[in-house]
Amino acid sequence: MNMTGTIKPSPSSDLQNFVESRSGQKVLRCYQCGKCSAGCPASYVMDMGPRQIMRAIQLGLREKVLESSTIWLCISCQTCSARCPNEIDIARVMESLRWLAAAEKSEPAEKDIALFHQLFLTLIKRSGRVHELSLGALYNLLGRHPFANMKRLPGMLARGKLSVLPPRVKGVAEIRSLFAKVKAMEKEHQKREVE
Amino acid sequence: MARTGVFICHCGTNIGGTVDVSKVLEAAKSMPTVAYVDDNTYSCSEPGQASIHDAIIENRLDRVVIGCCSPRMHENTFRKTVATAGINPYLLEISNIREHCSWVHGDDKEAATDKAIELVRMAVAKVASLEPLFSRQVGLTKRALVIGGGIAGIQAALDIANADYEVVLVEREPSIGGRMAQLDKTFPTLDCSACILAPKMVDVAQHPNITLLTYAEVQDVKGFVGNFEVNILQKARKVDHIKCTGCGTCWQKCLERTPSEFNLEMGKRSAIYIPFPQAVPLKPVIDTEHCAHFKYLEAKEEGRDLPDCNICQQLCPVSAIDYEQEDQIISERFGAIIVATGYQTFDHSVYHEYGSGRYADVITGLHLERLLSASGPTGGEVIRPSDGLLPKTVVFVSCVGSRDEQKGRAYCSKVCCMYMAKQAIMLKEHDPEVQCYIFYIDIRAGGKDFEEFARRAQEEYGTLYLRGRISKIYQEGKKLIVCGEDSLIGRPVEIAADLVVLATGMEPSIGAAELAQRLKISYDTNNFFIEAHPKLRPVETNTDGIFLAGSCIGPRDIPESVAQGGAAAAKVAALFSQDVLTTDPMVATIDPMLCSGCLLCTQVCPFNAIDTQVTRDGRTIALVNETMCKGCGLCVASCRFGAADLRGFTQQQILAQVTSLWR
Amino acid sequence: MAIEYQPKIVGFLCNWCSYAGADVAGTSRICYPPNIRIIRVPCSGRIDPLLVVKSFQQGADGVLIAGCHPGDCHYTEGNYYARRRLALLRPFLEYIGIEKERFRVEWVSASEGKKWAQVVSSFTDELYKLGPREMTLAKGTG
Amino acid sequence: MRPDTYAYYPGCTLHSTAKEYDVSARLVCHKLGIKLQELENWTCCGASSAHTTNELLSIALPARELQAAEEMGLPLAVACALCFSRLKHSAYELADKEKLDLVNELLGKEFHNTTEVVHLLKVLYEERDAMTVSRPLSSLKIACYYGCLLVRPQEIVDLDDVENPQIMDQLMERLGAVTVDWGFKTECCGASLPLTKPEMVLKLSHRILSQAKQAGADCVAVACPMCHNNLDAYQKDMKRKYSDKFELPVLYFTQLAGLALGFSPKQLLLDKHFTSPLPMLRDKGLADAGIAIKV
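Residue numbers (my numbering), protein chains in the order written: chain A, 1 to 195; chain B, 1 to 663; chain C, 1 to 142; chain D, 1 to 295.
Looking at chain A on its own, in the form it has when it is part of the complex (with noise of 0.2 Å):
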């Protein structure tokens, strides 16, 4: 954890009332005793393990949180929730701070698994199901790494495991509207947040 600079801790903060009231755990019950971080299959590549993000909603420290490539790098596998000595759904925690960053619009440390979750949601809601030949072409562009990822890629072909053109599906208009609904709810709750 590359923090400088001494901490002023802000106790019951809003980023953690925003994460027990969306989360519906209380925070206060972790302990530290760092079985978490022990057992997440992401912690050897995050720059803070889910023990120390906890830690950090105790204390308060909401850019740390927001700017931390662990809430992108979790796989969301609740081996962490399942092993919670004090029974905490870790996972769920997560996925509060990942619901809060989208909200705030903050900077994803980890550009490319923001940029496949929007991609892939884009894609869903053009042609309603995803289409893994689009989603990687894309993908690669717009991550500008456009030889990623191609290994597979003649195997997939050879087994007849890639439609070339995107799946057809008569519920598209359905979802289209769904997504347009959802977004203007979250505009007019934000609004209603603000005052």
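None of these hints come from the bench; they were simulated from the model.
Each hint should be verified, as a subset may be incorrect.
What the hints assert, rightly or not - Chain D stretches covered by chain A per the calculated footprint, using a threshold of three residues with CB under 8 Å from any CB of chain A:
| no. | stretch |
| --- | --- |
| 1 | 5-17 |
| 2 | 55-62 |
| 3 | 113-125 |
| 4 | 144-152 |
| 5 | 189-202 |
Unchecked claim - Taking beta-carbon pairs under 8 Å as the criterion, some of the chain B residues facing chain A (in silico):
| no. | residue |
| --- | --- |
| 6 | G303 |
| 7 | R403 |
| 8 | I470 |
| 9 | K472 |
| 10 | E476 |
| 11 | C483 |
| 12 | E485 |
| 13 | S487 |
| 14 | G490 |
We put the CB at the ideal spot given by N, CA and C, even for glycine.
Given chain A, work out where chains B, C and D should sit, using these hints.
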């Protein structure tokens, strides 16, 4: 006309901080029969009691209500106070305005004060209808029963016997010694467990005042303090322990081999066996399940034939082997009972993420004690159970089955941090090339010389303490990979270990809940017995005459168990120092004029304390045997004619409390 | 009406378990609504149905009886009798016009302070919803 | 009585990269007399992207499928473990009245959240006694891999034990195979990270495969297209990176069931895997053409 005195206690700020005491006093003045009101900061203190005593005399009071803490706390204290002032001690009513009022309604002072007034009004209404009661004397059997032959039970038995009272020590296993007998060394002094325990065990065997009943269990318990009737099941040992001299021929010559429970299945024992070399009594029992002779008998019944064997019977020089010996019920009378049933280690198979027993080289602390012990299955050589090789990297894991609500064990087991340090030191002494790691959350070393001892494990013996709870253990080739996090540096940590020792926590020994129900003492959600008061009465239970000692109350180490064994013994000696016991006068009464003789109450009474008597006009009616009656009031609620009543909780007294409400 | 309405509850607690449990709620400073008035009895088996009816007659909006968990009774069988006897009382109470939700029997052990507080709070909330007891039986003659 | 008709939600991958899962599932169900009625115009459940960015979307998308199944009045059988997890989460969240009304408004349709969501593994597990095994897999030692989302979180998914599940093991044993007792049944394989963090998928999936190999397995059985992709598709890269010598075929539990019920490897698209199971199946005597059952 009754003259009642009402005394309200501030209890410092515990009551005064929330309840407006002057307002309560003001309200009390106008309550019926109240002749005097007063308050003091601490009624239970010397000056507090003195001021109540003087007020009673000066104002010729004949009944007292005290608004203070729970009656379970100081009812007896204040009964003595009013008695010294010349009032019958049972013309007193306590109104609980602390635990049931100020402490639980701190957020609403006004409501707390109103409620306190109501509680005092109820007490005043009840005290008006209280009658003087007189306790009676009853005989007392000066014999004590100690259940459990671990270090706590041994200490208790010895101390009572040394106070020259008879003791019966009942132990479920074939030998006394309990968990401590399984330990190699003890912290923080590293003296050998057997060396300090064996002499005490021998003292127990040789003490004239102690009758030792091993391989025996308490079946049921009747009666009450001074007059307990206990049935003890003496399981058939199939060996006559009077004739037997403990020469050892039988258990050396027996051909059967079965895993030894004492060595946690890591070694073998014969069918006729003593659990460990320093066993007391040094006389064997036959394990009928694994004995060839009894397997032969069982097969014969089912029409199968197996070779018979009676080697032990033939070779026994004093012919002490008696296959026909049967289980026996011994019933005895006791004046007091000490429960010292000890603990067992947590069964770590619920930890699937640690392999749940799948990996042979993942053992518990107690397993390691047996491996370290010279009388253990490997003669003190610590080897990997899987391939017998010497481990060079040993990883200790703390809090297995402790501080883990997800596994139903929220409490800290107190001793694991210390025995991990001890074992790390012992491993290094056995083999200097060993490198020990200890995964911990918080090192708890609160006892005398504990912290210094734990520091030695790191400083002198090079143990590497890693702060963090591990999440997974899995096998990779011959190594066990332990996945944890060092939360001090903040990075995940993986160690390839040859041996992993899980510091499993303490839980009550099997059957604790059933024993508690037989003794009618309360136990908590983890099945530990509940002491009368955690701070002020740690070795007593709420049932008079039944005492507790050792880790059956909660995680305890050896010094505490010994101290509590002695403390419980002191309580028993104090009890036995009187020749008679005064009984509780709050017992049931039957009004002969109203009793129709239906005798329903005699069937209802759990203590069959209600006999019958014939009145002058020839009617048979019920009669309460006041020494047997425990004052539960079951008969009162069952009597349809209102003939039965319970002194101290009469129908009229309770109704008075009800009708005084919301006037 | 609703603002002044504070449910009035009478609680009969057995001395060995529930009364001790309520004490533990006190020592652990667990707050709960002040609507209950606790009367100590040696055992839940001591509760005579007359006492329950009298409490309602006296104006109680709810009556709570708390004893040891079955199997834990200090007098071995007291709470077994209580369980059966009070189960019979429930239909009688409905017959005389008292909703069955106003009468509760709970088992609270000597260490369950938290549970005791939850029992009182949930009972108080339920009685809020039920509202005061219209039944204006003649005030007890005392 | 167990239902014999299910609404069927394949999920996006079963129509593309995980086609063999879909085909083998249909064959096996057909053989067992279970009718799978695919939802007409089903759409994506939002997978890991929806619940990562927007709570409302992560509930609404699966709700659309739940509503479709509710309209058919059938329990909803799901093949992919991630879709199953998202559908279960949505049904769990919609127990809250407010959220249900909100979703009704979003979908513009009547939805009471009464759909019963069942994973295909549970469907076949409950049918295991009715299976007539014509080609017992007795020569096969299988490591059953459940993955993380199929069993976690316990209170929402409630399928089996979160650390040591048994239903796939029992199903395989019913088919005559021997299953190995190993510790990585529910460790995560890297799920949706192959595109963004391929090296993490290599590390996590390799650890799982080497544990299965060490436990003596001939192949790994899976019940999720993502787990299958991560475990099967990159074994060559793993061999280069970790220089081990073994290759471990990864098959869907429906393909193994298909084999046991007599279908041919061709019908079960066993040739579609990156790590071909055919050599292993041949020397186990399980690769014969079997009975060509018309579908």
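Practice task
Identify every previously stated hint that the structure contradicts and give their numbers, smallest first.
Solution key: 3, 6, 10
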